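Please build the complete structure, drawing on both the sequences and the hints.
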Amino acid sequence: MNRQRSSSPLVLAIVIGIAALIVLINLAAPNWLWQGSLTRVLRPVESAATTIGRVFESVLRPFTGGSTSQEDVLKLQQQLTALSAENVRLREFQAQAQQLRLLNNFARANPALDFVGADIIGLGSRECDNQSTIGPNIGICASVIAGDPSPYARFVTINAGRNSGLVTGMPVIGGGGVLIGRIGRNVGPATAQVQLINDPASFINVQLVGSRATGTIAGQSDGTLRLQNVLQTEVVQAGDLIVTSGLGGGLPPGLAVGQVDQLVSKDLETLKEATVRPGADLRRLEVVLVLKFVPPS
Amino acid sequence: MRRHIFAAITLTFLAVLEAVVLPRLFGSLPRPNLVLIIACTWSALRMDEGFVWALGGGLLLDVFSSTPFGTHTAALIVGNLAALILSRFPLPAEFFRVTNWVAFATIPYHLVQLGFLRIDQRPFDGTLALSGTILPLLVLNPLLSLGAYALLSPLQIRLNEEERFARRV
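Those protein sequences? They're chains A and X, same order as listed. Under the numbering used here, the residues of the first sequence are numbered 1 to 297, in order. Under the numbering used here, the residues of the second sequence are numbered 298 to 466, in order.
Because the hints were derived from the structure by calculation, they are not lab data. Source: prediction; values computed, not measured. Ideal Cβ placement from N, Cα and C applies to all residues, glycine included. Take the hints with a grain of salt, since some may be wrong.
Interface residues of chain A toward chain X, partial, derived using beta-carbon atoms under 10 Å [what the hints assert, rightly or not]:
| id | residue |
| --- | --- |
| 1 | Leu10 |
| 2 | Asn186 |
| 3 | Ser221 |
This is the structure:
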């Protein structure tokens, strides 16, 4: 091996100084650098690399255990997810109708009382109310162009940003109409980062469609999802469909998230916990829809 | 000048590969830190220039990452500094200078990232980070550095010759 050169303290000091300056600037003014032109410059490179990545993936699929039949399975899985989401929506309508019927019965039984109808906070954009299908006026379609180089965070970058009206916290829908994440803090002019629901810092208020039990879904460090904070008295079964509850106003209610996979808590514990199977394959996202639902600040 | 253009192109290519292609191919498996490998290999061969590569590569990774801006830059510089300090101690295998350098840099590189996540109040599982990411990469990164060494070593020889010639002139 060739003998290495000796280090120059001046060069090292300059390099360390620049790195320290970058860190300090970001601590003083977060996102200042992100919002610059760096992302705009790199966007074509990212898009090109994504295309190359997809080609690589399709070429390597047969060697990594995949085949043409696996593609069929993938297509069928996507169809299944879409049907499941539709099923969730219908069951959600049924459950809501049942709740409204109960409320109506209660109102009839108590004619002396005055009632004011109200929605759970965060019902969603009124623009969506009269839409049977997702239209361009309620959502922004975007392509996933990059992942996160850090193995400790689960974010993807999409090719829509502040210029398209995106703001932090907007829900992002993917793969057959299920919630896959929310717009993160880094929103640039032309790109934005989406915090996936399996990021360890992601918490979503949810509801089980059948039992109406509420809880939270938290992302785990290993990339899985866990349903938490469900009261022990509630019934939780494998296969139960999970939707957003709308509690807290951060997300509109009724967005499909996934299904209960396996109960992991014991009967003697105060709260129930279960693993959750997400409704979309979070590793293979290509096109997503950002809902123009602005969460309260 | 040509070698700086080469460095810029190589680092951009590897950063894009690390951020765009590897997450799709590896999924939740440990992904090699390509920019760390190339910057550390160049540091082991050319010292100061490797640190400049680490700075440039770190900035590029920060553009793609959701972690606070500067995380990867600081992590790469700290990783390289730790490897530089450790490489001053007598090591039994001088031959494996590059692999040692990359291995020594991998641990602080990840620890600094986790430190930044802690400052940002983002949760992580330390045990899983160690067993599922750091330890596998402690093997994978040095192995891949042999490939980086094979790529960069001829360039290093040529640069050394050019510098010797320039000094003589």
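Name the hints, by number, that the structure is in violation of. As far as the earlier hints go, not one is violated by this structure.
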